[in-house]
Amino acid sequence: GENVEQHPSTLSVQEGDSAVIKCTYSDSASNYFPWYKQELGKGPQLIIDIRSNVGEKKDQRIAVTLNKTAKHFSLHITETQPEDSAVYFCAADSNDYKLSFGAGTTVTVRA
Amino acid sequence: DVKVTQSSRYLVKRTGEKVFLECVQDMDHENMFWYRQDPGLGLRLIYFSYDVKMKEKGDIPEGYSVSREKKERFSLILESASTNQTSMYLCASRTTSIQTQYFGPGTRLLVL
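Same order as they appear, the protein sequences are chains A and B. Using this note's numbering, read the first sequence as starting at 81 and increasing by one per residue. Using this note's numbering, read the second sequence as starting at 2 and increasing by one per residue.
FYI, nobody ran anything at the bench for these hints, they're computed from the structure. Heads up, some of the hints might be wrong.
What the hints assert, rightly or not - Just a few of them, taken from the derived set where beta-carbon distance is under 8 Å, the chain B residues facing chain A:
#1 Asn32
#2 Gly64
#3 Gly107
Claimed, not checked - 30 Å max Cα-Cα, derived DSSO-like pairs, lysine-lysine:
#4 B:Lys56 x A:Lys117
#5 B:Lys71 x A:Lys138
#6 A:Lys122 x A:Lys102
#7 A:Lys102 x B:Lys72
#8 B:Lys19 x B:Lys71
#9 A:Lys122 x B:Lys72
#10 A:Lys117 x A:Lys178
#11 A:Lys122 x B:Lys19
#12 B:Lys14 x A:Lys151
#13 A:Lys137 x A:Lys117
#14 A:Lys151 x B:Lys54
#15 A:Lys122 x B:Lys54
#16 A:Lys102 x B:Lys14
#17 A:Lys102 x B:Lys54
#18 A:Lys178 x B:Lys71
#19 A:Lys138 x A:Lys102
#20 A:Lys178 x B:Lys4
#21 A:Lys151 x B:Lys71
#22 A:Lys117 x B:Lys4
#23 A:Lys137 x B:Lys56
#24 B:Lys14 x A:Lys148
#25 A:Lys117 x B:Lys58
#26 A:Lys122 x B:Lys56
#27 A:Lys137 x B:Lys58
#28 B:Lys14 x B:Lys4
#29 B:Lys19 x A:Lys151
#30 B:Lys14 x A:Lys117
#31 A:Lys151 x B:Lys58
#32 B:Lys54 x A:Lys178
#33 B:Lys58 x A:Lys148
#34 A:Lys138 x B:Lys54
The beta-carbon is built from N, C-alpha and C at its ideal position, and this holds for glycine as well.
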């Protein structure tokens, strides 16, 4: 089955700086890569996703890049704000209805 | 907006009890999922359902069963709760044609 590894497990950044989270996957058949943000006491919320036919996608301060050859994808958050503090999960879907998740990254934005 | 609701936010049960967790979605999604979330392990798939009355085992189905009698409702059943089933349980749904999964707020279950 698919195996997704996520790094780092914790990330502390100064407000205004950038944050980068990296994930690798094992199944070359995976074709959909969502990122979820989970705030305390809430369920994961989709923040951005990318499909295997696209190398990069951007939505305001958030961007995701995908390198299919190396089987890794990354989340970039620019100009971080206190409300960006949360747990972030990457995931990979090999088109078999299953999402395989990384272990999560706890992001803390220091004011 | 897609809405996925879960019957309880917090539950406390005793070892050996039968536990029912319910999930309802309002977007006519065919596919529904149950995950458990534990620190450092991410989300792990317990069971999922392609459609009404259909179910498939996920990665960690032992000790759990599910029921999908209506399209909008997917139930997770712990036949005999054990302390190692203390966890956060998350329900999700999606339509067959689009891979995006939408999650409910979660149920935090404590088994004593």
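We went through each hint and held it up to the structure:
{"no.": "1", "hint": "Asn32", "in the structure": "holds (6 Å)"}
{"no.": "2", "hint": "Gly64", "in the structure": "violated (19 Å)"}
{"no.": "3", "hint": "Gly107", "in the structure": "holds (5 Å)"}
{"no.": "4", "hint": "B:Lys56 x A:Lys117", "in the structure": "holds (28 Å)"}
{"no.": "5", "hint": "B:Lys71 x A:Lys138", "in the structure": "violated (38 Å)"}
{"no.": "6", "hint": "A:Lys122 x A:Lys102", "in the structure": "holds (23 Å)"}
{"no.": "7", "hint": "A:Lys102 x B:Lys72", "in the structure": "violated (36 Å)"}
{"no.": "8", "hint": "B:Lys19 x B:Lys71", "in the structure": "holds (21 Å)"}
{"no.": "9", "hint": "A:Lys122 x B:Lys72", "in the structure": "holds (24 Å)"}
{"no.": "10", "hint": "A:Lys117 x A:Lys178", "in the structure": "holds (19 Å)"}
{"no.": "11", "hint": "A:Lys122 x B:Lys19", "in the structure": "holds (25 Å)"}
{"no.": "12", "hint": "B:Lys14 x A:Lys151", "in the structure": "violated (42 Å)"}
{"no.": "13", "hint": "A:Lys137 x A:Lys117", "in the structure": "holds (17 Å)"}
{"no.": "14", "hint": "A:Lys151 x B:Lys54", "in the structure": "violated (36 Å)"}
{"no.": "15", "hint": "A:Lys122 x B:Lys54", "in the structure": "holds (29 Å)"}
{"no.": "16", "hint": "A:Lys102 x B:Lys14", "in the structure": "violated (38 Å)"}
{"no.": "17", "hint": "A:Lys102 x B:Lys54", "in the structure": "violated (38 Å)"}
{"no.": "18", "hint": "A:Lys178 x B:Lys71", "in the structure": "holds (21 Å)"}
{"no.": "19", "hint": "A:Lys138 x A:Lys102", "in the structure": "holds (16 Å)"}
{"no.": "20", "hint": "A:Lys178 x B:Lys4", "in the structure": "holds (20 Å)"}
{"no.": "21", "hint": "A:Lys151 x B:Lys71", "in the structure": "violated (38 Å)"}
{"no.": "22", "hint": "A:Lys117 x B:Lys4", "in the structure": "holds (17 Å)"}
{"no.": "23", "hint": "A:Lys137 x B:Lys56", "in the structure": "violated (34 Å)"}
{"no.": "24", "hint": "B:Lys14 x A:Lys148", "in the structure": "violated (45 Å)"}
{"no.": "25", "hint": "A:Lys117 x B:Lys58", "in the structure": "holds (26 Å)"}
{"no.": "26", "hint": "A:Lys122 x B:Lys56", "in the structure": "holds (26 Å)"}
{"no.": "27", "hint": "A:Lys137 x B:Lys58", "in the structure": "violated (33 Å)"}
{"no.": "28", "hint": "B:Lys14 x B:Lys4", "in the structure": "holds (27 Å)"}
{"no.": "29", "hint": "B:Lys19 x A:Lys151", "in the structure": "violated (42 Å)"}
{"no.": "30", "hint": "B:Lys14 x A:Lys117", "in the structure": "holds (29 Å)"}
{"no.": "31", "hint": "A:Lys151 x B:Lys58", "in the structure": "holds (27 Å)"}
{"no.": "32", "hint": "B:Lys54 x A:Lys178", "in the structure": "holds (18 Å)"}
{"no.": "33", "hint": "B:Lys58 x A:Lys148", "in the structure": "holds (29 Å)"}
{"no.": "34", "hint": "A:Lys138 x B:Lys54", "in the structure": "violated (39 Å)"}
Of the numbered hints stated above, those contradicted by the structure are hints 2, 5, 7, 12, 14, 16, 17, 21, 23, 24, 27, 29 and 34, listed in ascending order.
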